[in-house]
Amino acid sequence: MVEITDVVCSLCGCVCDDIVLEVENNQVTKIKRGACSVGKSKLLGHERIKSPMIRENGELKECSYDEAIKKAAEILYKSRRPLLYGWSSTVCEADSAGIELAEDIGGVVDNTATVCHGPSVLAIQDVGIPSCTLGEIKNRADLIIYWGANPAQAHANHMKRYSYVSKGYWTAEGKKGKKLVVVDVRKTMTSKMADVFIQVEQGKDYQVFSALRAILRGHEDVVPDKVAGVPKAQLLEVANMVKEAKFGITFFGMGVTQAGARHNNIVNAIQFTRAAHLHGKWSIMPMRGHYNVTGFNQVCTWQTGFPFSVDLSRGYAWYNPGETSSTDLLYREDCDAALIIASDPGAHFPGAALRHLAKIPVIQIDPYANPTTEFADVVIPAAISGIECEGGVYRMDNIPIRLRKILDTDYYVPDEEIVERIHAEVRALREKEGE
Amino acid sequence: MADGELLIRNGVVYDPINGVKGEKKDICIRDGKIVESVTNPKVIDAEGRVVMPGGVDIHSHIAGGKVNSGRLMRPEDGRKGLEAKTSVCRLQSGYSVPNTFATGYRYAKMGYTFVMEAAMPPLAARHTHEEMIDIPILDNAALPLIDNNWMTMEYVKSGDMDLLAAYVAWIIKATKGFGVKIVNPGGTEAWAWGKNCDLNDSVPYFDVTPAEIIKGLAEANEKFEMPHSIHVHTNMLGHPGNFEVTKDTYDLVKGVKPSKDRQVMHTTHTQFHSYGGTNWGDFESKADAIAGYINQNDHATIDIGSIILGDTTTMTADGPMEYSLYQITGRKWTNLDVELETGSGITPFLYSGKSPVNTIQWAIGQELALLVKDPWKIALTTDHPNAGPFIGYPIIISMLMSKKRRDESAEDMHKVIFDRAELPSIDREYDLNEIAIITRGMTAKALGLHEHGKGHLGVGADADVAIYDMSPEERDAGKIQKAFLNTKYTIKAGEIVVKDGEVVATPPGRTIFVTPECDQKLTDEMLVTLKDKFDKYYSVTFNNYPVQDAYLPNPYEIKAPMRG
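The listed protein sequences correspond, in order, to chains L and F.
Residue numbers for the first sequence follow this note's numbering, beginning at 1 and rising by one.
Residue numbers for the second sequence follow this note's numbering, beginning at 1001 and rising by one.
One chain only, chain L, in its complex shape:
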């Protein structure tokens, strides 16, 4: 038995890096400290894809890595408009290899942000974003707002490590010296802990942000008695808490990005933060989901200039979300093959997009089977990043952390290597054609 410390969790955007666990016979046998229940489940291991597979006559048949990689390369090589989607539950090195492949074959490269915090990115491109690292919140924040987010269930360690329950330099008493406000359309496990819970009508967050902005900028007279189901008295109460806070933070989730006014919600949330900043120090941060969804956006930005939904068919980067985002391409039946890696559009894309995805050849790279496997034509199992291989990731606050390798695998291949081997096969096919 070996005890390993400082293990980094490759599950959600919290990227907890203080996990202590025990390994025996190349298996994680015990999580001693640090991981939440969901993280534990991943670290302890569960059912995964056992072998590469190619679909023949409707059935997935097991094959070798070489065969699957060759088949994947043939699909991409033949494709006139390939989509390379996912990239959020893998490491930056794999993302980098994927962007290089997409550039070479003239594909569209996109990550899960497109159906998640993509609207947040569009808002940042509109107005910027005042933010900070999670440690700043741990050490300084005396008012925390979770808006359209339920960390108690979705980011289970978030409050303990970084925000409401954590202890830091000016927050030595933990939650005793802090206030928590939760805004959501329904009661949640998080809202039960809140000092103030604002229940907003579905899809009307925009109005509530506007009302708070108005109050913070000294125009409470224009706010009606009720805004999106929220009494004015409660808005005044929260605005007062904001005014009195020395260091405040708004964390927002997909309850805001994917509802009602979408990216305009986030523009308004950021403008609310700026209004709050007139009274104290205020920041705002998206609650990113996958452990490296932020990292793909980083790599794609420094390599292509743009964070997601990048069409490389012209040889240069063409970024036009709405046209070049995965779901829009699929709605228009505009792509003729797809490589899906480290994500599950089968579970998360809208039906109309999935209908086209199910029709075209799909390559899936993932450690685990998921609904996307049901229609994938080539399935390539990957080593689990953060368990069987190392690599760089970016936490939700854009802090880069390196995943550690804690178990050996003599069979599974890391994402990066799979993508590079597919790329090498594509080049070989091209050379052969050229002869």
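It cannot be assumed that every hint is accurate.
With the Cβ distance kept under 8 Å, some of the chain L side facing chain F (calculated, not the full set) [as the list claims (entries may be wrong)]:
1) 138
2) 315
3) 426
4) 429
Below, simulated DSS-like cross-link-like pairs (lysine-lysine); rule was C-alpha separation at most 27 Å, straight line [as the list claims (entries may be wrong)]:
5) F/1332 - L/246
6) L/40 - L/30
7) L/179 - L/32
8) F/1257 - F/1247
9) F/1332 - L/175
10) L/178 - F/1195
11) F/1195 - L/167
12) L/179 - F/1536
13) L/160 - F/1533
14) L/246 - F/1195
15) L/405 - F/1531
16) L/405 - L/40
17) F/1080 - F/1479
18) L/226 - L/160
19) F/1080 - L/176
20) F/1354 - F/1257
21) L/40 - F/1536
22) F/1260 - F/1521
Hints listed in this document are in silico derivations from the structure and should not be mistaken for laboratory results.
Here a beta-carbon is modelled for each residue, glycine too, at the ideal position from N, C-alpha and C.
Got chain L sorted already, so can you dock chain F onto it with the hints?
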């Protein structure tokens, strides 16, 4: 590094570190280094053309969190520089915030082969290194921000200078950094509460002053044989009347003895720190006062941070300054405060020749270059992208070399240039030897890189060479600008990477990092305090913090022994 031999024949060579001022001379190259002679070389005919060592940029923001936040925030800037991939090059994007590939190609086309990333937040150091891996061709290094750091401020307050040195050594090693960067010391920590600090203000909760931080870090730096001095962005950047703060900052370290034959302080983008007046209405140039100080003293060097007119993306660890700028323009604004260490802000800005303030700023950068008499004390920068993108360097070179061009340009600027700036009355014109000094000789020396093969063409130096398609007699400013934008040849480590203004090869660059060698006993004592900081206040663990070797695929280490 290229195998084999190369002979650059009959070029007119400017190699100021070796005292070569425009001599017709052959340059011999073997296995990536300059050598005495070659036997069977590939020959490049440089007959009548200007030959210089590869350019060395002392201060530029090319990689890391805030550069990428700038790219992400500004797709409109990305679209300005779109170029398709070629058989040699990856795709390119961006103007003021180019993608990593374009950064390497465009610098190489200007004849540059080394660039210093000027601000690396330690906690996000991996990010800076990851981007530097993706910048082709250029050798690089990065300066970690160590001044708004809680460890630093606590040791400065307690006066434990040896422990401060131990911490400085540790963090430079942990981040695979190059030296000590200081940006608005104390002010960025104050900004975590929405405030700012002047040079002698007390930093909230820490009970130290920016002046004490600067002096303490200068002393800590000189406890090691560091190649570079402290590298300082002084307090009150961009404020009218700040030239007094700048001069006071120089005075702070006057008595500090350098551990090597160099300055004890390099202050950067000095244009932003040479302002007179009391508000934007009576704003005026004080470049003469700053240049006067530099002329009279030998302990400080500066780079100019000259303005390039047009739209750019400003970014700095000086969080409060970016907030002030955003309040003036009302444009987009991004901020990222970093726990226990530093912060950053980003906002776009348009420098317009119609604006009186921008006109005076534009004049100041050039005035500094023209009024500082000894070019070994001054470097050409635009604080890329803050005063303008690096691809504007050739414009500044042509201005410095041509009084005629400056006069013509002044006619197009706001008339305030004739009342509140000195530029129109300055006759000095740079010659090519002086240009070579402020773009490679001085910068290599100030960084201590001349001892590691950079910035000169002596035997044993790196075979980094720029051949400009111009005659040394050229006086036409337009032709000078064109020649400095796209070289005839750029050679990096003996390999031709640019030919006739096109990138023809993209070898990876090396990352140069410094290892200050601190006494183990001191280090152990310091680590007790540091580990407590990690246990209680950081959001990552002590063991996950240092930059792993995987982030430096092509490392070059400089050891800095501790002085006895």
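Query raised in the report: Can you list which hints this structure breaks, lowest number first?
Result: Violated hints: 3, 4, 7, 9, 18, 19 and 20; rest satisfied.
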